[in-house]
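One line per chain: the protein sequences are A and Y, in this order. Going by our numbering, the first sequence opens with residue 41, and the numbers climb by one from there. Going by our numbering, the second sequence opens with residue 121, and the numbers climb by one from there.
These aren't lab readings, by the way, just hints derived from the structure by calculation. Ideal Cβ placement from N, Cα and C applies to all residues, glycine included. Possibly wrong hints are sitting among the right ones.
[Said to hold, decoys possible] Not everything, but these chain Y residues come out facing chain A in the computed CB check (under 10 Å):
id, residue
1, Gly153
2, Leu194
3, Arg205
4, Tyr223
5, Asn226
6, Ser227
7, Lys285
8, Gly287
9, Ser291
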Amino acid sequence: MADQRKLIEDLKSDFKGFAVVKPSSQVALLWTLGTLGVLCVLAFVTSPFRAGWVGELAQNPRFSLEVLTGGAAVFSTVWLVLSMSIPGSPVKALKVSSLFFCSSFLALILYSFLVEPSTTVTMAGKRHHCLTEGLAFSALLNLGFLFLVRRRAPQNLALTGVLTGLSSMCITATTMHLACMYSPEHIVKSHIALPLLSSVMVGAVMGVFVLKRI
Amino acid sequence: LTNLKTDSKKSIKGFDQEIEARWRQLLIEASEGNSTSYDVFLTEVGEYLLIYCGRYLTSPELAEDCSQNCLIALHKGKHTYQPSRPFGPWFFTIVKRKIIDQYRKNSRNKEVYNPEIVENMASSSPSFDIAEEVYKILPKMDPVYREAFKLTKLDGLSVAEASKKLGIKESALKVRVHRASKILKKLVEEDFIEKH
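Next comes chain A alone, as it looks inside the complex (with noise of 0.2 Å):
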């Protein structure tokens, strides 16, 4: 008992108040925004988008819900990162929806490949390393999800870190959509397969050695 006292007194010495983190929806849309629009320009400065990209937003809607899909796969796998890391969260719900939408996106992606393509295939716009760039993109997109959930509690970090892992390539898959050239073959090979095998690979050993339990 006198340990506990002494550590209680040493725990509450320099007290000062704390701020309490911010609602997990708010972090995750902010975070989703504002990292699709960073990996855009980013994307645009290395190499042109694909000429039409904005025709076929707004002409197509299997090709804009390929990409609206993509955009709710990252948020609500951003949601349930962000909410897994606060103790006692009920993530449920979230689980569902983030599975719900990964593999919408997933399905739409291979159903345009095995079944028909959702637009026009076309080499305009090929971006010669959009493998090496989805790659470096998602690996620092990872990072900086990794250090924004070490400021919570998360519990389980090597599954957290598969999840950052997951929601990085899922923003950078995305992206590359636009930007890169349509082929069904070339977005399921370099733009989904290897991207999501190497960044939830990498995820999950990142998220342990990055990540501290409380």
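Following the hints, position chain Y against chain A.
Just chain Y, lined up with the frame of chain A:
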């Protein structure tokens, strides 16, 4: 351990609403900078934790150890409590995780945690010099904790001086020193067991 999950759900449901409201209020006041409320919060929570951890851990030493780890975790994660959310789930999630950690640590170091060994250390071996052992064992410690321990306990720096030197907050340093003492105690015991 398998019962802990369901037990913690029961604890949340059966958590006295008055206590929950009181601790929630104390924590909100603490977030506004009221150190008295924070002191009351830690004291009351500390007493509750001693009993709560005692339900899951066999020895009183382990329960106290665990309740102190819970207090440190609650202190570090206090900013994650959102006043709009109920207090119970936040509190028990942190506590449950710490009890699980204690179980795992305990199962890895069963013999190290035997209190009889600690008591017998000095008496069974007249040549056992604790200070000498500490110096020998210090290099085995994680550098983060070693440095905090060395500066405050061996070099004689004050908490303010040591925290300035390490570039961390005073409260963080205190937590490190507290943990360092525990780690050191465990290492000394392990070393003793190896030798005897």
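Non-conforming hints, listed in increasing numerical order:
4, 5, 6, 7 and 8
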